[in-house]
Each structure stands twice: as structure tokens, then as C-alpha cells.
Amino acid sequence: MNDFDPANATQSSAVVENSTTGSEEGGNSKRQKILPKTLESKSFAIKDFEGNKEDQEDYIANTMATYKKNLTDRSEHQLGYPFNLEYDYKDLNQLMPFSINNIGDPFIGGDCGNHSRPFEVGVLDWFAEFMKIEKNEYWGYITSCGTEGNFHGILTGRKMFPNGILYASKESHYSIAKAIDMFSMKWVQVETQVSGEIDYHDFKTKLLANKEFPAIVVANIGTTMKGAVDDIDFIIQILKEGGISQDRFYIHCDGALSGILLPFMECEKKVISFKKPIGSASISGHNFIGCPITCGVLITRKDYINFHSRNIEYIASQDATIMGSRNGHAPIFLWHALNREGCKLIQKQVEECLKNARYLKGCLCKAGISAMLNESSIIVVFERPKDEELIRKWQLASQGNVSHVVVMPHVSVAMLNTFLDELISKRLTWYKDEIPPCLEVDIGKENCTCALHKC
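Going by full-length UniProt numbering, the letters in the sequence shown line up with residues 1 to 455, in that order.
In short, the hints are calculated from the structure, not lab data. Check each hint, because a few of them may be wrong.
What the hints assert, rightly or not - Distance windows between CB atoms, simulated: (1) Lys132 <-> Leu85: 26 to 32 Å; (2) Thr205 <-> Ala65: 55 to 61 Å; (3) Tyr359 <-> Arg310: 50 to 56 Å; (4) His201 <-> Lys42: 44 to 50 Å.
For glycine and all other residues, C-beta sits at the position ideal for the given N, C-alpha and C.
Please build the complete structure, drawing on both the sequences and the hints.
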């Protein structure tokens, strides 16, 4: 969290010119670091074996074995980050000897023959149908991660409305702050409800204070810490009632993890749909689908791509993506997963994750630990453990007074029980002579088990 984060900025309806300061008062002083003490990264040295092939091979083999052992252990204790580790891509080992580069526009051929564009377009078509936009009306590409998709969507809004103001809630992903910095945008930070969902009253107030400017809005379809979903319909209603007509606003949906979950739940109102006047949407590919390569999906309207596209003769294609060279293996992994799993298996996985998330929340509350689980979310937020070693062991994403567990397909009830046993046992020693903290401000009094509230 050394990067600037809108969540730490001053709250007001005033336009912030840029995000280069990051101080509590909006000045030039450095923001206080809030990270806990972390361990230094280990270095695997590059060595010169002076022609001793045997020593060289032994060193490489031993290093790989050590690293694999560490990865195995870490995977068995992966609770806090949205990685689905339940996948099998052995079929794709046959493609690893090939360098595959999807440079350029995925819908336009180029001179680079080692590409996977047919796989990429197949995946994009699937997501386009998923987001309710016709094949001849959309454009998109497989990104390196969800952040790149956010960059592309926000840059499109920036190019459409050079004098526009970006509105983002204080629980938006930190990549939004990066985009604000990179594109030198004016922005307004919007408060959130205790659930993490945008505060619509605050949004309306700040929008009206700047209604002479076009609006570029980031809608969170699942916030990072709490999995809260902003109501796109209500955002559109506020924009129109505030005098911002459809030709003066641009909405980018940060779908990250929840963007792919919601269509498989009974919450049609919350899903990303281009039947609504949104401009773009970004979803992570490695999160719920599961992929050993970080990747994401960006879908936007075809008419908007002219804001980005330039002909590049030496690649015989058009440049409309944020990156130049793009990983050609990632689309193949996503194509493989979507064909093998299909909607029925994804539906089953979503239902299982929801059930396990409710189980975890119930166990925490039964143990007297403050915990919250938003509707249509698989992220369980709870009282931050006092032991940083425990946080590191289980890789719990933590912010302020809370930590969270993301209940992904690889997170079994047995794994949760092991974690719960350790947490509850250690917590008895932490609060033997102390009172557990009140988390009313963080997760709401209805979810707080402190002496005052006892939910």
C-alpha cells in the first residue's frame, strides 16, 4: 500500500486535480506507512559455474525442488487471495515449448505467425455473450490482469471526455488510483456504506457539485476487501436525474472476481450487462476460473475502439491494447478451462463456495468473532488476528482492523476447519486479559460481537 490509494484521501465533493500527493491533508507530505513488518524477499542467485555442468544442473534442480516444496506448502494455506488453485492443465504441457505472442488487435491478422488469436476470440465471444452484447457490437482482448482492463476502460472514458471527472468509491481497487495518476485525471472520491457498496447519497451530492463536467464512473462489481457490488441501475438513475445525459457519462465496471460469479446467483439486477449504458468491463481470468498465468478479460463497445486504434505497419495490425506483446498462452488456458468446465460446473462451484462461505461466517460468529458476509459474496470479513505470523501463514489479506478469507473452489471445509481451530485457539490467548475490539465502524454493529453489541 505504498502506492496512493483513494481510500486514504480527503473526503469532499471538491475535484482533486491528480493523485500524486497521497497525504491525509492533500499536501506534499508523505503518507504514513501502515504496512505491518514484512519479511525481506529471498534471492535465488544467478551463479557462474565456470563450465562445471554437473554442479550447474544440481544447483538448478535443488533450487527448483526447494521452490516447488514452498509453493506446495503455500498453496495448502492460501485463504486470503482470490486464486482458484483447483485446475488441471496437463493437456497444455505440449504447448510450452512454443513462444506464443498475441501482439496487436485480436480481430486483425498480423505478420507474427506464432499467435493464439482463434482461442482469444473464442474466449472473448463467450464473455461477450455472458455480458449481453452482440458479437458485431463489442471489442475486447485478453489482458495481463484485471488492472490492465481497468486501465483500458478508464483511458477510454478519459479520451471520450478529456475534461471529465472520474468518480470512484473509497473501496475501489488500488489500480483505479494508478490510472488516475498515469492519465493525469481529475477525480472525486465517493464514500461507501459499511458493506463496502458506494454511498449513493454522497455520490449524488458530489456529482451535483460538479455537474457542468462529464462523468467517468467506476462501478465496483465486487470490492476487493468485502465483495460489495455497486448498483449500476441506481448509478445511472443518479446520473440522469443529476442532469448528466447519456452522451456525457462513461461507466467502467470493475468485475474482478464477482463479475463472473453474479450471473450464477439469483441476482440478475447486479450482473454486468451491456444492455445498460455502460462503456466497458474488466474481469480477472485467473481468479475464479483458475489459471497459472495471471490474465483478465476486457470487453468494450466496438464504436469506442477508434479512440485507441492506430495502424502499426511492422506488425501488420492495429495497436489498440495497453500492452504491446501479449501472452499467447493465457487465452489457451482460459479456452481450455471454459470448454472443460462449462456453465454447469461453474454454477456448481459458485454454489459450493457460497455454502462454504456461510459455514465459515457461522463458525466465526459462534466462536464470538466479529464477521461479515455480504449477500452474493464469497468473501468473509472478520476481526484481524493479532498475530502477524498467522496472517502470513494463511495469507490473509488485511486492512485496518479486519482481515478476510476468499472462499474459492480449492478452499474445502477441512481447510477452513484447520484454520478455524488455529485461529480460535490463539485468540483465547490474545484476549485472555484484554477486550476484543469493536468493529461496528468496519463491518456494522449487526456483525460485531464486542461487549457492547454481541451480535
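Whether the CB-CB distance between histidine 201 and lysine 42 falls inside 44 to 50 Å: holds (49 Å)
Range hint compliance [Cβ, tyrosine 359 to arginine 310, 50 to 56 Å]: At roughly 52 Å between Cβ atoms, arginine 310 and tyrosine 359 fall inside 50 to 56 Å, so the hint holds.
Lysine 132 paired with leucine 85, Cβ distance criterion 26 to 32 Å: For leucine 85 against lysine 132, whose Cβ atoms are near 30 Å apart, the range 26 to 32 Å holds.
Supplied distance hint 55 to 61 Å, evaluated on CB atoms of threonine 205 and alanine 65: Holds - the Cβ-Cβ distance for threonine 205 and alanine 65, about 59 Å, lies within 55 to 61 Å.
Hint compliance for this structure: no hint is broken.
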